[in-house]
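Student: Hey, can you work out the whole structure from these sequences and the hints?
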Amino acid sequence: MDLSLSDEQKQLQEGVERFVREKYTFENRKKIAASERGWLPENWAQFAELGWLAIPFSEEDGGIGFGPIGTMIVMEQFGKGLVLEPFLPTVVLGGGMIAAAGTAAQKEALLAPMIEGKKQFALAWLERQSRYNLADVSLKATKEGNGWSLSGQKGVVYNAASADDIIVLARTAGSAREEKGLTLFVVDGKAKGITRRDYPTQDAQRASEITFDKVSVGADAVLGTVDGGFPVVEDAVDRAIVALCAEATGCMDAINAATLDYIKTRKQFGVAIGKFQVLQHRMVDCFTNAQEARSMTLMASLKIEDKDAIVRHKAASGAKVQIGKSGKFCGQSAVQMHGGMGVTDELSVSHYFKRLTMIDLMFGNQQHHLTRYSNLAIAA
Amino acid sequence: MDLALKPEHKAFADEVRAFARENLSPATREKTFSGKHYDKADHVVWQQALGKKGWLTYTWPKKFGGPGWDVTQRFLFENVLAEEGAPRIIPFGVKMVGPVIYTFGTDEQKERFLPGIRSSEVAWCQGYSEPGAGSDLASLRTRAVRDGDHYIVNGQKTWTSFAHWGDWIFCLVRTNPDVKPQEGISFLLIDMKTPGVTVRPIIMLDGAHHVNDVFLDNVKVPVANRIGAENEGWTCAKFLLANERLGIAEVPASKRGVRSLRELNDDPALAEKIADVDLQVQALEMSELRALSAMAMGGQPGPEVSTLKVRGSEIQQRIAELAMEAVGEYAAPYQPGMLFHDTNETPVGPDHAPPAAPRYFNMRKTSIYGGSTEVQKNIVSKAILGL
Ligand SMILES: Cc1cc2nc3c(=O)[nH]c(=O)nc-3n(C[C@H](O)[C@H](O)[C@H](O)COP(=O)(O)OP(=O)(O)OC[C@H]3O[C@@H](n4cnc5c(N)ncnc54)[C@H](O)[C@@H]3O)c2cc1C
Ligand SMILES: Cc1cc2nc3c(=O)[nH]c(=O)nc-3n(C[C@H](O)[C@H](O)[C@H](O)COP(=O)(O)OP(=O)(O)OC[C@H]3O[C@@H](n4cnc5c(N)ncnc54)[C@H](O)[C@@H]3O)c2cc1C
Numbered sequence: 001m002d003l004s005l006s007d008e009q010k011q012l013q014e015g016v017e018r019f020v021r022e023k024y025t026f027e028n029r030k031k032i033a034a035s036e037r038g039w040l041p042e043n044w045a046q047f048a049e050l051g052w053l054a055i056p057f058s059e060e061d062g063g064i065g066f067g068p069i070g071t072m073i074v075m076e077q078f079g080k081g082l083v084l085e086p087f088l089p090t091v092v093l094g095g096g097m098i099a100a101a102g103t104a105a106q107k108e109a110l111l112a113p114m115i116e117g118k119k120q121f122a123l124a125w126l127e128r129q130s131r132y133n134l135a136d137v138s139l140k141a142t143k144e145g146n147g148w149s150l151s152g153q154k155g156v157v158y159n160a161a162s163a164d165d166i167i168v169l170a171r172t173a174g175s176a177r178e179e180k181g182l183t184l185f186v187v188d189g190k191a192k193g194i195t196r197r198d199y200p201t202q203d204a205q206r207a208s209e210i211t212f213d214k215v216s217v218g219a220d221a222v223l224g225t226v227d228g229g230f231p232v233v234e235d236a237v238d239r240a241i242v243a244l245c246a247e248a249t250g251c252m253d254a255i256n257a258a259t260l261d262y263i264k265t266r267k268q269f270g271v272a273i274g275k276f277q278v279l280q281h282r283m284v285d286c287f288t289n290a291q292e293a294r295s296m297t298l299m300a301s302l303k304i305e306d307k308d309a310i311v312r313h314k315a316a317s318g319a320k321v322q323i324g325k326s327g328k329f330c331g332q333s334a335v336q337m338h339g340g341m342g343v344t345d346e347l348s349v350s351h352y353f354k355r356l357t358m359i360d361l362m363f364g365n366q367q368h369h370l371t372r373y374s375n376l377a378i379a380a
Numbered sequence: 001m002d003l004a005l006k007p008e009h010k011a012f013a014d015e016v017r018a019f020a021r022e023n024l025s026p027a028t029r030e031k032t033f034s035g036k037h038y039d040k041a042d043h044v045v046w047q048q049a050l051g052k053k054g055w056l057t058y059t060w061p062k063k064f065g066g067p068g069w070d071v072t073q074r075f076l077f078e079n080v081l082a083e084e085g086a087p088r089i090i091p092f093g094v095k096m097v098g099p100v101i102y103t104f105g106t107d108e109q110k111e112r113f114l115p116g117i118r119s120s121e122v123a124w125c126q127g128y129s130e131p132g133a134g135s136d137l138a139s140l141r142t143r144a145v146r147d148g149d150h151y152i153v154n155g156q157k158t159w160t161s162f163a164h165w166g167d168w169i170f171c172l173v174r175t176n177p178d179v180k181p182q183e184g185i186s187f188l189l190i191d192m193k194t195p196g197v198t199v200r201p202i203i204m205l206d207g208a209h210h211v212n213d214v215f216l217d218n219v220k221v222p223v224a225n226r227i228g229a230e231n232e233g234w235t236c237a238k239f240l241l242a243n244e245r246l247g248i249a250e251v252p253a254s255k256r257g258v259r260s261l262r263e264l265n266d267d268p269a270l271a272e273k274i275a276d277v278d279l280q281v282q283a284l285e286m287s288e289l290r291a292l293s294a295m296a297m298g299g300q301p302g303p304e305v306s307t308l309k310v311r312g313s314e315i316q317q318r319i320a321e322l323a324m325e326a327v328g329e330y331a332a333p334y335q336p337g338m339l340f341h342d343t344n345e346t347p348v349g350p351d352h353a354p355p356a357a358p359r360y361f362n363m364r365k366t367s368i369y370g371g372s373t374e375v376q377k378n379i380v381s382k383a384i385l386g387l
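Going line by line, the protein sequences match chains A and B.
The first sequence begins at 1 in our numbering and counts up one residue at a time.
The second sequence begins at 1 in our numbering and counts up one residue at a time.
Note that these hints are calculated values from the structure, not bench results.
Among the clues, some could well be false.
Cut-off 35 Å, straight-line C-alpha distance, at most; resulting in silico cross-link-like pairs (DSBU-like, lysine-lysine) [claimed, not checked]:
no.: 1; chain 1: B; residue 1: Lys193; chain 2: A; residue 2: Lys325
no.: 2; chain 1: B; residue 1: Lys255; chain 2: A; residue 2: Lys328
no.: 3; chain 1: A; residue 1: Lys30; chain 2: A; residue 2: Lys264
no.: 4; chain 1: A; residue 1: Lys264; chain 2: B; residue 2: Lys255
no.: 5; chain 1: A; residue 1: Lys180; chain 2: B; residue 2: Lys273
no.: 6; chain 1: A; residue 1: Lys328; chain 2: B; residue 2: Lys377
no.: 7; chain 1: A; residue 1: Lys190; chain 2: A; residue 2: Lys180
no.: 8; chain 1: B; residue 1: Lys180; chain 2: A; residue 2: Lys325
no.: 9; chain 1: A; residue 1: Lys275; chain 2: B; residue 2: Lys382
no.: 10; chain 1: B; residue 1: Lys382; chain 2: A; residue 2: Lys267
Label-pair ranges, simulated between beta-carbon atoms [what the hints assert, rightly or not]:
no.: 11; chain 1: A; residue 1: Lys180; chain 2: B; residue 2: Pro201; range: 51 to 61 Å
no.: 12; chain 1: B; residue 1: Tyr38; chain 2: A; residue 2: Ser4; range: 49 to 59 Å
no.: 13; chain 1: A; residue 1: Ala219; chain 2: B; residue 2: His209; range: 53 to 63 Å
no.: 14; chain 1: B; residue 1: Tyr38; chain 2: A; residue 2: Ala380; range: 30 to 40 Å
no.: 15; chain 1: A; residue 1: Gln291; chain 2: B; residue 2: Leu5; range: 33 to 43 Å
no.: 16; chain 1: A; residue 1: Val284; chain 2: B; residue 2: Gly132; range: 22 to 32 Å
no.: 17; chain 1: B; residue 1: Ala269; chain 2: A; residue 2: Asp220; range: 34 to 44 Å
no.: 18; chain 1: A; residue 1: Val278; chain 2: B; residue 2: Ala269; range: 54 to 64 Å
no.: 19; chain 1: A; residue 1: Ser4; chain 2: B; residue 2: Glu30; range: 58 to 68 Å
no.: 20; chain 1: B; residue 1: Ala275; chain 2: A; residue 2: Val284; range: 26 to 36 Å
no.: 21; chain 1: B; residue 1: Pro201; chain 2: A; residue 2: Glu8; range: 44 to 54 Å
no.: 22; chain 1: A; residue 1: Arg21; chain 2: B; residue 2: Lys377; range: 45 to 55 Å
no.: 23; chain 1: B; residue 1: Ala275; chain 2: A; residue 2: Asp345; range: 27 to 37 Å
no.: 24; chain 1: B; residue 1: Gly207; chain 2: A; residue 2: Ser4; range: 55 to 65 Å
All C-beta atoms in this analysis are idealised placements derived from N, C-alpha and C, irrespective of residue type, glycine included.
Tutor: Structure, rendered in structure tokens:
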């Protein structure tokens, strides 16, 4: 067993840390959030140049083979700065699914340009009724000549407005909520028949509601096998969950540091408020929570490529439960210990708090993953 | 002892309900149930209707223009109005400065200020907190220096709720810097139109504007606007805080919150969490009723109101949290248009989605304002437990 970072991994960590320090000051982030896309093309170009977009992929696929630990390192630092560039939808989800299930031709057409920074992706899986259930899909794809025609609706699709291609989870067979009969399609974001309603999210990301009205795609748009899309998307979402957990640990470190600093400097009753034992103990609990979060994230990152699917699913759900719990504790505590300042838009704490809250809601909240973990543990 | 209502109380509840249905604008009511923010007019129109009826100052003694209701009537009044979707009565005039004025003010001050509060023609705000004086209120530094018949006031108030809607602000100011902090404070009423008063908005984490900084720059305030004796403002301040904490538990609104959670939720995992908070609300309500009934026997609210404030804020926060949980991923879209403006747009996601996350964020304030949870617990441990 060895839980320390290699020299290469440390270098990566320092590189991302530097980027965040230089480009993601609180004021800068506000500007980025308010910009046209909600992220900066120049930052994305820098990611490509530094090889960050290649991190999780094998050398065979044109990547640099850092695997899930590489993703963890990047996402953790991104969490510290609340980075807005769409690494998760593009690299972890889109890139991840193409690497896992794509043909050689698809990898060449999609993954290679993505690694060069020339393509972005979005994953459209959620529907109004889905409520965290990945298999609850009713958007239909029907055969049309050699290809397919897609009709239906998807919601809260992160990065849809910037994505060159949208990867759509569609029903090709079976009944609502059945895992069999789901197929993944790679659809041009500007294809005829697509209408989007774009909006910012609570935590300054961008997402969209999308209507697909008889959107035609060729047979080569199928990613993986027809009717066999579910395991691909399930694993991709598990990897995304672990990446999100890493982001959340970064958020927790940052929000804890800001709070610690605040209670050491804010004075009431003639002393720094950090002199009050009730705040000291709460601060200690924040640190303990962040440590547990980091531990579960590391464990999940180490298990997420296990051969046994149950091991992978349990790892992702287990980490997500911990993140939900720790993120809520650190977020609420930070706001509370800042007093009135904590509930304003003016300090970074409320922004970390909002991101941590939204991370809990993404891909299933604490309750959902506790139930999933429990069911998997009983089954195993 | 009996929980059942007497027939005359049932008739009273019917009367209140009929009044609300007749006088509460449907648009205002709709905002309550959809979680939209009220405009100033929503509050004013409603409060003025209550004022005309003589019900706005329902907690006041009869001789100052209250309706002279008993504890049960007040309880029914608050609950029926919450059920009907009425906005809560803005407390600064009715529940805060009004009672200070009729308890500590001169006859002339009572005549001058109470009618405008009873009718809701004058809007008040509370100038207690300062950047350096939050939990440690007595360390406030806004200075009032006597100059003939006036005080010249300089300083900064912060977190002032609804200062941007306010006609008048009641302020704690320092009139003597050379004694123990509590002993050099006076209670002043300041017309917001006086030259030198500037209001700057503070935007909250949910994007809302409720609170403000208020800058006081050489503001000339007549000595006749001081309530109580010079340097004895702390007595008024503490009296007011105890009243503030009593009203702040917001039990009727929480009961409404639990009801709408039940209506929206179809997830069995959530049902038990809702039941749990429902029971918490019941315990709180019963504790509040016990306190009120003890007060009806005579006396002011004691330090135990701090426990009601702590639990009331935790419960409000929990209800908001569960409402967000019920919405799931559709809590993510930020839809300020649906919260702050009249719009014909349809929301992204279910109808109850737009306010869910902003409300959860915003409700974190309840354990901070009106004396933070930590400060309330300090009060209980000192005053009740003798620690
Ligand atoms: C099963 C058991 C086995 C033990 N075995 C051994 C042994 O083998 N050898 C040995 O030497 N001792 C032993 N102890 C004693 C043990 O170390 C003491 O009980 C312990 O240090 C606490 O001291 P106390 O019992 O006097 O409690 P106190 O120190 O009186 O504490 C009472 C309470 O006050 C709290 N408290 C105290 N100070 C503070 C503070 N500054 N801030 C906040 N809270 C505070 C404590 O956390 C506790 O909740 C044992 C005790 C137990 C229960
Ligand atoms: C939405 C909102 C509306 C408000 N409206 C008004 C208004 O209309 N008028 C007005 O005058 N004020 C208003 N306030 C101000 C409010 O009363 C203060 O925010 C509150 O008293 C806390 O002060 P602070 O924000 O300076 O926090 P601080 O006092 O700096 O507290 C920071 C943290 O330290 C803790 N702490 C402080 N002292 C102790 C202690 N002795 N022991 C343990 N912990 C301690 C606190 O509990 C808190 O967690 C409002 C505040 C908010 C958030």
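Student: A separate judgement is required for each hint: does it hold in the structure or not?
Tutor: Hints, one by one, checked against the model:
Proximity of Lys193 (chain B) to Lys325 (chain A) is assessed by CA-CA distance (about 49 Å); at most 35 Å being required, the pair is judged violated. Between Lys255 (chain B) and Lys328 (chain A) the CA atoms are separated by roughly 25 Å; this keeps the pair inside 35 Å, and the hint holds. In summary, the hint linking Lys30 (chain A) to Lys264 (chain A) is supported, as the alpha carbons are separated by about 26 Å, within the 35 Å threshold. The straight-line distance between the Cα atoms of Lys264 (chain A) and Lys255 (chain B) is roughly 39 Å, outside the 35 Å bound, and the hint therefore fails.
Using a Cα cut-off of 35 Å, the hinted pair Lys180 (chain A) and Lys273 (chain B) holds, with the two alpha carbons roughly 33 Å apart. Annotation: proposed proximity of Lys328 (chain A) to Lys377 (chain B) holds, straight-line Cα distance about 22 Å (limit 35 Å). Annotation: proposed proximity of Lys190 (chain A) to Lys180 (chain A) holds, straight-line Cα distance about 29 Å (limit 35 Å). Distance hint between Lys180 (chain B) and Lys325 (chain A) is unfulfilled; the C-alpha atoms sit about 45 Å from each other, more than 35 Å.
For the hint linking Lys275 (chain A) to Lys382 (chain B), the alpha-carbon distance of about 18 Å falls within 35 Å, and the restraint holds. Between Lys382 (chain B) and Lys267 (chain A) the alpha-carbon distance is near 21 Å, which keeps this suggested pair within the 35 Å criterion. Evaluation of the 51 to 61 Å hint for Lys180 (chain A) and Pro201 (chain B) yields a pass: the beta carbon distance comes to about 55 Å. In this structure the supplied range 49 to 59 Å holds for Tyr38 (chain B) paired with Ser4 (chain A), their Cβ-Cβ distance being about 56 Å.
A beta carbon spacing of about 54 Å between Ala219 (chain A) and His209 (chain B) agrees with the range 53 to 63 Å that was offered as a hint. Tyr38 (chain B) and Ala380 (chain A) have their C-beta atoms about 53 Å apart, which leaves the hinted 30 to 40 Å range violated. Roughly 54 Å separates the CB atoms of Gln291 (chain A) and Leu5 (chain B), a value that falls outside the hinted 33 to 43 Å. Checked against the given bound of 22 to 32 Å, the beta carbons of Val284 (chain A) and Gly132 (chain B), roughly 27 Å apart, stay inside it.
Roughly 41 Å separates the CB atoms of Ala269 (chain B) and Asp220 (chain A), a value that falls within the hinted 34 to 44 Å. Roughly 32 Å separates the CB atoms of Val278 (chain A) and Ala269 (chain B), a value that falls outside the hinted 54 to 64 Å. Hint check: Ser4 (chain A) to Glu30 (chain B), Cβ distance near 59 Å, so the stated range 58 to 68 Å holds. Taken as a hint, the range 26 to 36 Å holds for the pair Ala275 (chain B) and Val284 (chain A), whose Cβ atoms sit roughly 33 Å apart.
Range check, Pro201 (chain B) to Glu8 (chain A): Cβ separation about 50 Å, and the 44 to 54 Å hint holds. As the Cβ distance of Arg21 (chain A) to Lys377 (chain B) is approximately 39 Å, the hint placing it in 45 to 55 Å is violated. Take Ala275 (chain B) and Asp345 (chain A): their Cβ atoms lie about 35 Å apart, and the range 27 to 37 Å holds. For the pair Gly207 (chain B) and Ser4 (chain A), the supplied restraint of 55 to 65 Å is violated, since their beta-carbon distance comes to about 43 Å.
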